[in-house]
Amino acid sequence: MWIKAKKEGDTSVLAAAYGPAEVKVSKEIYDRATLEVLIQPKVGLPSVRERSQEQCVRETCEASLLLSLHPRSSLTLILQLIHNDGSILSCFLNAACMALMDAGLPMSCLFCGVTCAINADGQIITDPTAVQEKESRAVMTFAIDSTKRRVMMSSTKGSFSVHELQQCIAVSQEASEKIFQFYRDSVSRRYSKTL
Amino acid sequence: MKDTPLSNCERDFLLKAIEEKKRLDGRQTYDYRKMKITFGTDYGCCFVDLGKTRVMAQVSCELVAPKESRPNEGIMFFNIELSPMASPAFEQGRQSELSVKLNRQLERCLRNSKCIDTESLCVVSGEKVWQIRVDVHLLNHDGNLMDAASIAAITALCHFRRPDVGIQGDEVTVYSPEERDPIPLSIYHMPISVSFSFFQQGTYLLVDPCEREERVMDGLLMIAMNKHREICSIQSSGGIMLLKEQVMRCSKIASVKVSEITELLNKALVNDKKARKEGGRCGFAESLPQERITALKMEETSVEMTDATERAKDIVQKADARPQKVPSPVVPVPGVGQVGQGLQNTWGLEEDEDDEEEAEECDSGEEQEEAVTKMEEERHEKEASGEGDVVEISDSEEEDVVILHPAMPDKALKNTATSSRQKGAAASKKRQKK
Chain P
1 MWIKAKKEGD
11 TSVLAAAYGP
21 AEVKVSKEIY
31 DRATLEVLIQ
41 PKVGLPSVRE
51 RSQEQCVRET
61 CEASLLLSLH
71 PRSSLTLILQ
81 LIHNDGSILS
91 CFLNAACMAL
101 MDAGLPMSCL
111 FCGVTCAINA
121 DGQIITDPTA
131 VQEKESRAVM
141 TFAIDSTKRR
151 VMMSSTKGSF
161 SVHELQQCIA
171 VSQEASEKIF
181 QFYRDSVSRR
191 YSKTL
Chain W
1001 MKDTPLSNCE
1011 RDFLLKAIEE
1021 KKRLDGRQTY
1031 DYRKMKITFG
1041 TDYGCCFVDL
1051 GKTRVMAQVS
1061 CELVAPKESR
1071 PNEGIMFFNI
1081 ELSPMASPAF
1091 EQGRQSELSV
1101 KLNRQLERCL
1111 RNSKCIDTES
1121 LCVVSGEKVW
1131 QIRVDVHLLN
1141 HDGNLMDAAS
1151 IAAITALCHF
1161 RRPDVGIQGD
1171 EVTVYSPEER
1181 DPIPLSIYHM
1191 PISVSFSFFQ
1201 QGTYLLVDPC
1211 EREERVMDGL
1221 LMIAMNKHRE
1231 ICSIQSSGGI
1241 MLLKEQVMRC
1251 SKIASVKVSE
1261 ITELLNKALV
1271 NDKKARKEGG
1281 RCGFAESLPQ
1291 ERITALKMEE
1301 TSVEMTDATE
1311 RAKDIVQKAD
1321 ARPQKVPSPV
1331 VPVPGVGQVG
1341 QGLQNTWGLE
1351 EDEDDEEEAE
1361 ECDSGEEQEE
1371 AVTKMEEERH
1381 EKEASGEGDV
1391 VEISDSEEED
1401 VVILHPAMPD
1411 KALKNTATSS
1421 RQKGAAASKK
1431 RQKK
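Top to bottom, those sequences are chains P and W. Numbers 1 to 195, taken from our numbering, label the letters of the first sequence in order. Numbers 1001 to 1434, taken from our numbering, label the letters of the second sequence in order.
Treat the hints with care, since some could be wrong.
[What the hints assert, rightly or not] Which stretches of chain P does chain W cover? Using the computed rule of at least three CB atoms under 8 Å from a CB of chain W, they are:
hint, region
1, 13 to 24
2, 30 to 42
3, 77 to 87
The hints are simulated quantities; they were obtained by calculation from the structure and are not laboratory data. We put the beta carbon where it would ideally sit given N, CA and C, even for glycine.
Pulled out of the complex, with its shape left as it was, chain P reads as follows:
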């Protein structure tokens, strides 16, 4: 079991990855591993919002994990929300990627999540806080892969033009460089101590 804590500003998420382990016959897939993502909110039981976030994270993970290496097994990813101050979906994505990486699960690429918000003036803000998200016209989250910097998943809310979308994607790709550098730094620090 691997637990990773990820924070962006004040937004904090705790991620745990279990697997490959036994899978229930009803859920098994004959040639691939079954990935299950569980998002636990802080207050109350998981609702539809958590389900849609789980879907986004699961699709991204399935695209990057080499699931066919573990047929008839289950991989479970649990994301516990500690504090939500905006950019929550990208925080989930980053925590998920680090947990999977730390667990040693085989992946074809790493991914990171970046959130952009377009405020009333038309300015693009990355990693908006909850207050900024509320005041903005549109909020977009992209999952960017590490090999070719392409968009793996996008989730948007609000209205925006095609040109603005292209701009946001470009900004997210730039921002992903920093995040991948952070991954590298933290992994090298962690394993320089254990190995």
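Fit chain W to the known structure of chain P by using the hints.
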């Protein structure tokens, strides 16, 4: 996912160690594990670490209509979530026995003991009251979930601030945290539960069992008490028969432990208040540095060393005598054989040897070599165990294998003439084939 079952040797080892008053992590019988209480950014969020057991509690409030039977009392709602993060055995959404048990115990400990003044939560009698909801998430299961959960819940309740409410005639205004400072809940006392695990039908007792100890225990006694030595709730599960003296002793131990824990709790609350007043950043994110990615430290566990030297001497005496040292033998490496006078022949079977020699003879087409080989033959013949039989090599690649008879040297001399011709013929045939 299924939990891995406990092996018999682990179980025996644990029980034996407990009989000798030893615990896995070196604690004494009545020792608690290291406890750490931290708070989150918003009011009402608390993390409790009890050794490796990790629990997070969050308190939130909402204005709702009160219960019909109690129109001027607020509502308390408790929920313990057994997150799949805590253990692979916990499944999401499944109401397992453990989940029901923990929820019920927490309710009895906090609700039935009336530690919170619910009447102060009333806003408009019969119409609007505050509903206080406590969500406890189990983040890591290393034993004694109940204690950690109860400490987290009561600490979070002490830490929580609800929005201020103003009533002017019929109008009720709920002020946001920015407009007016939120106010804390009124708490009468702080019940904390202490768990005792029993082994060997109540003979041995341990406080704060870890996960392994919980698996081998016979029964559990949970006493919820506050620092005024009032028992709020007491529960014995597992079907062990306890004597009156044992229960009294446990309650005395519990009162000592509860006063220690309450002190720690109050200190943590005071520290947090100070930090917030100073305006410093506080919260889970700030408490992370103690567990930085770079820092991977395992706490030192003391090892019992008192009888180690005696045991060691015993073992050495009883051990067998050392085997005699042999002058360094020649160890044949695989793939290497030795043949020669005086040493054992490790080349393989003599039979095959002769056959190989004979096969080689057929290949060579020169008389010089023939003479040499003949001499070798004779030597081999002496070494051979008197086998003069002709053996045909069935897997030989050559056709027309001519086999010389090594038994009679005189005949051999005679045969050389004929054989050489035959050999020459064979060789020429082969050359033609090639």
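Results of checking the hints against the structure:
Against chain W, the region 13 to 24 of chain P contributes 5 residues with a C-beta closer than 8 Å to a partner C-beta. That satisfies the three-residue criterion, and the hint holds. Counting residues of the region 30 to 42 of chain P whose CB lies closer than 8 Å to any CB of chain W gives 3, so the stated coverage by that chain holds, three being the minimum. Counting residues of the region 77 to 87 of chain P whose CB lies closer than 8 Å to any CB of chain W gives 5, which reaches the minimum of 3, so the coverage claim holds.
Checked against the numbered hints above, the structure breaks none of them.
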